[in-house]
Amino acid sequence: MGAESQEEASDPARQQPDEERITRRAAIGRIGKIGVGVVAAAAIAGGGYYAYTTTQAPQAPTGGSIKMFSYSPLYAPDGYASYLKSTFNIDLTSQLGSAATLGDQIVSGGGSGWDTAIFWGAFGKPIINASPAVLQPYDLSAVPKWTSANLDPLFSNPQSVIGDVMGPQLQRDMWWPGKIGQSFAAMPPMYGVDSVAQNAQHIDHLLNSWGDLMDRQWKGRIAIQDIPTVALNNFALYLVKSNQMTAPSQIDNLQKPEIDTVTNYLTPNIAAGQVKAFWADYGTSVNLITSGEVWAADIWNAAVFSARAAGTPTYYVVTREGVDLWVGGEGVSAKVPSSKLPLVNEYLNSRLGGTWAYQAGLEAYQTPAWPSDEVKAAFPVEFYNWNFLGQATYQPIDSIVPGQPAYIANALFQPTQYKWSSASGTPSSNGNLKDRGSIKNIESNIGTLETWEDNASYYISSWTTMKQA
Amino acid sequence: MQNVSDEAFLKSRLAVRNNKGSEATGPGLEPEETGKSGKRTPGKLGEYAHILMLVPVLAWVFLFLFVPLVIVLINSFYTYTGIGVTPEITLSNYATVLFTRQYLNLIAYTLRTSALIVLVTLIIGFPAAYYLALKVRDENKRFLLILVLIIPFWIDFTTKLMSWFPILGTNGAVNYYLQAIGVIQQPLTSIFLSEQSAIFVMIQTYVLFMIAPILLSLATIDVNLTKAAETLGASAFQTFRHVILPLARPGIIIGSAFVFVSTMGDFVTPRVIGGRMQTAGLVIAQQAGILNWPLASALSVILIAITLVIVIVMFRIVKIARMVFE
Chain A
540 MGAESQEEAS
550 DPARQQPDEE
560 RITRRAAIGR
570 IGKIGVGVVA
580 AAAIAGGGYY
590 AYTTTQAPQA
600 PTGGSIKMFS
610 YSPLYAPDGY
620 ASYLKSTFNI
630 DLTSQLGSAA
640 TLGDQIVSGG
650 GSGWDTAIFW
660 GAFGKPIINA
670 SPAVLQPYDL
680 SAVPKWTSAN
690 LDPLFSNPQS
700 VIGDVMGPQL
710 QRDMWWPGKI
720 GQSFAAMPPM
730 YGVDSVAQNA
740 QHIDHLLNSW
750 GDLMDRQWKG
760 RIAIQDIPTV
770 ALNNFALYLV
780 KSNQMTAPSQ
790 IDNLQKPEID
800 TVTNYLTPNI
810 AAGQVKAFWA
820 DYGTSVNLIT
830 SGEVWAADIW
840 NAAVFSARAA
850 GTPTYYVVTR
860 EGVDLWVGGE
870 GVSAKVPSSK
880 LPLVNEYLNS
890 RLGGTWAYQA
900 GLEAYQTPAW
910 PSDEVKAAFP
920 VEFYNWNFLG
930 QATYQPIDSI
940 VPGQPAYIAN
950 ALFQPTQYKW
960 SSASGTPSSN
970 GNLKDRGSIK
980 NIESNIGTLE
990 TWEDNASYYI
1000 SSWTTMKQA
Chain B
40 MQNVSDEAFL
50 KSRLAVRNNK
60 GSEATGPGLE
70 PEETGKSGKR
80 TPGKLGEYAH
90 ILMLVPVLAW
100 VFLFLFVPLV
110 IVLINSFYTY
120 TGIGVTPEIT
130 LSNYATVLFT
140 RQYLNLIAYT
150 LRTSALIVLV
160 TLIIGFPAAY
170 YLALKVRDEN
180 KRFLLILVLI
190 IPFWIDFTTK
200 LMSWFPILGT
210 NGAVNYYLQA
220 IGVIQQPLTS
230 IFLSEQSAIF
240 VMIQTYVLFM
250 IAPILLSLAT
260 IDVNLTKAAE
270 TLGASAFQTF
280 RHVILPLARP
290 GIIIGSAFVF
300 VSTMGDFVTP
310 RVIGGRMQTA
320 GLVIAQQAGI
330 LNWPLASALS
340 VILIAITLVI
350 VIVMFRIVKI
360 ARMVFE
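Residue numbers (this note's numbering), protein chains in the order written: chain A, 540 to 1008; chain B, 40 to 365.
Please note that the accuracy of each hint is not assured.
What the hints assert, rightly or not - Here are the simulated lysine-lysine pairs, DSSO-like style, with alpha carbons at most 30 Å apart:
1) LYS758/A <-> LYS718/A
2) LYS606/A <-> LYS758/A
3) LYS879/A <-> LYS606/A
4) LYS958/A <-> LYS979/A
5) LYS758/A <-> LYS180/B
6) LYS606/A <-> LYS180/B
By construction, these hints were calculated from the structure, which means they are not laboratory data. Keep in mind it's a predicted model, so treat the numbers as computed, not measured.
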């Protein structure tokens, strides 16, 4: 789907007639299915619905509550929740599930108990294709801020950034089946790229490979995530780039022999005690780093800042084989009534606005609309340039984190604690740089996409055997 | 003074044992009315009272235990499509579990670990229960000691698990004191985030499940029996071996069953504390996580069946029903 066709699809004027016809047809169809004897009753009962959709413009929502289900507390920080309340009178409540069993929790619930659910591509396919449906599609016109002018090219033209294999896959993880560019299954409120975190107190140079996690000098000081459908692909990246494995046709969807190759590489390492722990939730991953039990791990970017906040100097490094792209998507429950959709749409649209982007930025993540003017305006200039463009802070690191060598001080830098300047200024030559640089740099190094694998069960059974080594 | 206290203690024990009317009742617990014959004359409602009393628990068990178990059983025969489940009946899930070495190893390992934890909690829990039931006579003291055992259960389970980091961790209290007293020169890095640490934590977590039933069994022992044994010349060990232990057996069996079942299903402790420990519960969670409910269900059904057989055998061996209800 090119940018132009997406623009067309996003044009409310072009969308409205189709939408109206469908709604009318659906309403008439409903009435037609009802027996003649109850036509009068149906007309009365259905009249309000019909009149609302055809003769009245949708009313602006007057507020209400949104129940959101997600796998991370980062999707509902206080700053964003209070913004929703003060601006839209929306009470956002969030319910947390386990990242490792997210698909199970969302699908088995049948869409009950929440209005929206946030998941990422690793669980996208079964959630989007669940039967009976747990999600309902929502039209592009529901989120008017989703325009190619606002978006990172990763979303307006994925193939141009991540190629012809991962690009279409990313689209399938966002859009409703058969309606790419028209109806969302799960619009991304946030995305990021994962790599390796390291404790700077114990490792005196920057690691630069997924393979470094299996370096014997860190034996017993490594953690890897206990989500085999994600972890194995990262090590496949390393094996391919180091010529220990033939390049798979799709590195984010390994076939059984390829999975065997990766687990065969990992098994002797596991048996030798290279890996101290396997983590499956955010809190544990942070604890492993801050407690000093683990010196390097394939944890999430935000966990690095949590570790720094706890006083542990931590870096998030560039893995030369490529980093691991994940895209969070927010789906709307199939059980949300049409009367509530305007409120839900307003909420979803806010996910592309400045306030939410700022909150996500504090955790080093970004929203698809980070290049938009609204997002730019929501950030202090210095923060925007640091977070998205890879520019250094105006202040040198020794004045931000005094009394520490630069290597440690930079690993303790916290964007939430630094006083960002709203004025244009000159980046310091000794200023802090965001780990891994600008978004453009990071996205040019994407090696794999977290998406659903056809052999997910085999990933787990191989992983189980590996851990028994 | 001591004798008077002993006498009162014995009376209270006998009252509990024999359920004597005047001592067992209190405000709001008046003895039931009796008819002319001296027998109870319950009303019509009273005839069905015992059935009505069971209705809430039966309904609860039916809805939230039996029905989910049936769903798990049905799912175990369904087919995994790669993104979900289709109701095509197959035995392949059971074949995968029963004829694949990794799953058999997993089941054996989980059983072995649970059995070990049962054994250790019994060794630790029995003396504690014995002390609380038969040696502590001050009710306040007993209450306080039981409170100490219960307080950890007031804390969120995950928080409790995380609190082991500063205790057992490399930079934790245990390593600190071992270094301070010169037992070790360098911190032990292998004691935490390992199979051993997970077992240790599970023992701490579940020991109360062992203590409580044993305590209840021991509390109903007629102290006259132990006095009689002593009078007849039995040594302390003989009294324990031939009087106390047989009477405590229902508590031991029930406690063992509680601990065994709980540890079989605990996948959080191995996940957070267990390092690379891999239990059946963890794999069930992982397979369910990718919506392979049929395989997760088959593994669950097999584990439930094994657990059920073990518990039934345990109960049969000691004829638990007779010992509890007679």
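Comparing the hints with the structure gives:
1. LYS758/A <-> LYS718/A: Roughly 49 Å between the alpha carbons, so the hint for LYS758/A and LYS718/A is violated.
2. LYS606/A <-> LYS758/A: Not OK: LYS606/A and LYS758/A at ~44 Å, beyond 30 Å, violated.
3. LYS879/A <-> LYS606/A: holds, 12 Å
4. LYS958/A <-> LYS979/A: holds, 25 Å
5. LYS758/A <-> LYS180/B: Cα-Cα ~49 Å, so violated.
6. LYS606/A <-> LYS180/B: violated, 48 Å
Comparing the model with each numbered hint stated earlier shows that hints 1, 2, 5, 6 do not hold.
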